[in-house]
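Since the structure of chain A is already known, use the hints to place chain B on it.
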Amino acid sequence: MGFDSNEKALSYWRENLRLVLGLLAVWFAVSYGCGIVFADMLNEIHFMGFKLGFWFAQQGSIYVFVALIFIYAYKANALDKKYNVHED
Amino acid sequence: MSVQALTFLIVGLSFALYIGIAIWSRAGSTKDFYVAGGGVPPVMNGMATAADWMSAASFISMAGIISFVGYDGSVYLMGWTGGYVLLALCIAPYLRKFGKFTVPDFIGERYYSQTARVVAVVCAIFICFTYIAGQMRGVGVVFSRFLEVEVDTGVYIGMAVVFFYAVLGGMKGITYTQVAQYCVLIFAFMVPAIFISVMMTGHVIPQIGFGSTVLDAAGNDTGVYLLNKLDGLSTQLGFNEYTEGAKSTIDVFAITAALMVGTAGLPHVIVRFFTVPKVKDARTSTGWALVFIAILYTTVPAVSVFSRVNMIETINGADGQGVAHATAPSWIKNWEQTGLIKWNDKNGDGKMFYSKGKITDPASSNEMSVDRDIMVLATPEIASLPAWVIALVAAGGLAAALSTSAGLLLVISTSVSHDLLKKNFMPDISDKKELMYARTAAAVGIVIAGYFGINPPGFVAAVVAFAFGLAASSLFPAIVMGIFSKRMNKEGAIAGMVLGLGFTAAYIIYFKFVNPAANVPDNWLFGISPEGIGMVGMIVNFVVALVVSKMTAEVPDEVQEMVESIRFPKGAGEASGH
Chain A
1 MGFDSNEKAL SYWRENLRLV LGLLAVWFAV SYGCGIVFAD MLNEIHFMGF
51 KLGFWFAQQG SIYVFVALIF IYAYKANALD KKYNVHED
Chain B
1 MSVQALTFLI VGLSFALYIG IAIWSRAGST KDFYVAGGGV PPVMNGMATA
51 ADWMSAASFI SMAGIISFVG YDGSVYLMGW TGGYVLLALC IAPYLRKFGK
101 FTVPDFIGER YYSQTARVVA VVCAIFICFT YIAGQMRGVG VVFSRFLEVE
151 VDTGVYIGMA VVFFYAVLGG MKGITYTQVA QYCVLIFAFM VPAIFISVMM
201 TGHVIPQIGF GSTVLDAAGN DTGVYLLNKL DGLSTQLGFN EYTEGAKSTI
251 DVFAITAALM VGTAGLPHVI VRFFTVPKVK DARTSTGWAL VFIAILYTTV
301 PAVSVFSRVN MIETINGADG QGVAHATAPS WIKNWEQTGL IKWNDKNGDG
351 KMFYSKGKIT DPASSNEMSV DRDIMVLATP EIASLPAWVI ALVAAGGLAA
401 ALSTSAGLLL VISTSVSHDL LKKNFMPDIS DKKELMYART AAAVGIVIAG
451 YFGINPPGFV AAVVAFAFGL AASSLFPAIV MGIFSKRMNK EGAIAGMVLG
501 LGFTAAYIIY FKFVNPAANV PDNWLFGISP EGIGMVGMIV NFVVALVVSK
551 MTAEVPDEVQ EMVESIRFPK GAGEASGH
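Going down the list, the protein sequences come from chains A and B. Mapped onto UniProt numbering, the consecutive letters of the first sequence carry residue numbers 1 to 88. Mapped onto UniProt numbering, the consecutive letters of the second sequence carry residue numbers 1 to 578.
The shape of chain A in the complex, shown without the other chains (with noise of 0.2 Å):
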């Protein structure tokens, strides 16, 4: 069971943390980032009927947020297959 060596976990390892922080670097822009600190910038712009920061906050960033568990969902899907960490 597990990975052929050592070197293959950890690169399997590093690998895997990049994916987590880079999603989570979206997660964090779309809500604290634009939802929160910049929402009374980006409030000078408007977007449909709303004010871009306050759609941030109230739906944009939700609607990122199902996105991004998708994502990750399907790359480390495929990261396991190749590193043949996959379950049968």
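It is possible that part of the hints are untrue.
What the hints assert, rightly or not - Computed, partial: chain A to chain B, Cβ under 7 Å: (1) Ser-11; (2) Ala-25; (3) Phe-28; (4) Gly-35; (5) Lys-51; (6) Ala-57; (7) Gln-59; (8) Tyr-72; (9) His-86.
Said to hold, decoys possible - Okay, derived cross-link-like pairs now, DSSO-like style, lysine-lysine, Cα gap no bigger than 30 Å in a straight line: (10) B/Lys-333 with B/Lys-351; (11) B/Lys-486 with B/Lys-570; (12) A/Lys-82 with B/Lys-278; (13) B/Lys-100 with A/Lys-82; (14) A/Lys-8 with B/Lys-486; (15) A/Lys-81 with B/Lys-570; (16) A/Lys-81 with B/Lys-278; (17) A/Lys-8 with B/Lys-423; (18) B/Lys-342 with A/Lys-75; (19) A/Lys-82 with B/Lys-280; (20) A/Lys-75 with B/Lys-550; (21) B/Lys-486 with A/Lys-75; (22) B/Lys-550 with B/Lys-278; (23) B/Lys-278 with B/Lys-512; (24) A/Lys-8 with B/Lys-333.
Claimed, not checked - Over 12 Å on every C-beta distance to chain A, these chain B residues come out as not near it, computed from the model: (25) Phe-425; (26) Asp-428; (27) Ala-506; (28) Glu-564.
Worth flagging that the hints you see were computed from the coordinates, not collected in a lab. Don't be surprised by glycine CBs; every beta carbon is placed ideally from N, CA and C.
Leaving out everything else, chain B in the frame of chain A:
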């Protein structure tokens, strides 16, 4: 058929459905009882998780709160959805690979310590009881308003139904019932939302409708955006602009963070991902859960805006001068009888008027007090929707409250029978005996929850901040470090949990119970309110744990190996307690 008869019929049918499912899917072993046999398909598990997560508060109260605070309400929308990203990326797949029944199981084994396990059990039980008291109350309120029975009777009926399917079916019964409850509650929430969106803006999708232009009474486009109109109305009446909010940026940031991290650390949510067959399924199942939650959570802010504009226009009239109380629509009078709407004709003109300020304050022109909780329940009446829609909303509110109570009860009973009895006091107990203790604990849990529902402690609202702060500052950091750091040892984890928790609890207790008068922004640490202090508590936990672990003994080899093995999916067995 009258509204009341229809409500009895629809609520009765939904209850019969839940009980039928419980009989069909009753649990035969502890594994069925704790994790539904580990065989729930990911989409279904996602739906059940969504029903478990969305409580009476999400269904009944959230739209009302946002309706009254506007942008500031975003903390709930982002906080209670963003946590699922953390859950999916940092927790669910790894704990599924670990393959035990409960969160304290993981903490206890990862930190090779009974003390850590007991700390985790205490947190889990406290969090669940905090929550469940509010649910039972929600059941009582819905019953009393729509079926005109006493609140207490409503609580008894709710207790009986939950007792039946939680005690009998365990996780298996609960999961399949929750799938049905999700369908009932989402249908009940969406139907009035869509009706109102079409009436006010001509758009079928509420998420688009509340960013569109308003239609006039004849159905012609006025060219005015709904949100601009609401911003204008709000400032005229002395409130903040709806889309701007009043809280400081740092406080909004901290509350959102505490709710997100707290969500990812709540035991009744995490345990849902032990019920799917594979690690792969734990990943996608979290995604499905959030899809089903997002359908409601993106509709909520639309309902908030629709009902806010409707409410102001009904009370103040199209000309903004106030409407005569004698000609007020029947829903105002109905809710006045329950005391949740109050009218104080200060200037004696016989007209109602709504603006900022207290109705008892002679300096304010406001004459109306409207309870936030009625906004969703009154929506179908405000929009003059047919009687069956009102009945549906009642059934939806009950589904939301019952599904959440059942999920929480399960964690309480598991914590007692599995984590305390089997893992601490009677390790030789047989599977059958353990199952019996689990059922007994669930039954006792229902009785305690019912007691709190009938005699609600005044501090329920205040302790909700507690539950999230607690989860954020204790369980979440311990779980995440247990997965992502092989060096984190038991000394570090326990010190982190105790200090993080101690700090958060002390801050909340001081401002909420000891000295509530001092609970103003000037006295807060960094301007962070007690609701958001869990974020600071979490940081305290992480820092303390890292420092202490550097100074104490290394983690034993077998535990390091265990951590390595949960980091990839291959070889994940079914969840087991042995």
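Against the structure, the hints come out as follows:
no.	hint	verdict
1	Ser-11	12 Å, violated
2	Ala-25	11 Å, violated
3	Phe-28	9 Å, violated
4	Gly-35	6 Å, holds
5	Lys-51	5 Å, holds
6	Ala-57	4 Å, holds
7	Gln-59	6 Å, holds
8	Tyr-72	6 Å, holds
9	His-86	6 Å, holds
10	B/Lys-333 with B/Lys-351	14 Å, holds
11	B/Lys-486 with B/Lys-570	19 Å, holds
12	A/Lys-82 with B/Lys-278	18 Å, holds
13	B/Lys-100 with A/Lys-82	27 Å, holds
14	A/Lys-8 with B/Lys-486	18 Å, holds
15	A/Lys-81 with B/Lys-570	10 Å, holds
16	A/Lys-81 with B/Lys-278	15 Å, holds
17	A/Lys-8 with B/Lys-423	36 Å, violated
18	B/Lys-342 with A/Lys-75	55 Å, violated
19	A/Lys-82 with B/Lys-280	15 Å, holds
20	A/Lys-75 with B/Lys-550	34 Å, violated
21	B/Lys-486 with A/Lys-75	24 Å, holds
22	B/Lys-550 with B/Lys-278	35 Å, violated
23	B/Lys-278 with B/Lys-512	43 Å, violated
24	A/Lys-8 with B/Lys-333	71 Å, violated
25	Phe-425	34 Å, holds
26	Asp-428	30 Å, holds
27	Ala-506	26 Å, holds
28	Glu-564	7 Å, violated
Hint violations for this structure: numbers 1, 2, 3, 17, 18, 20, 22, 23, 24 and 28, all remaining hints satisfied.
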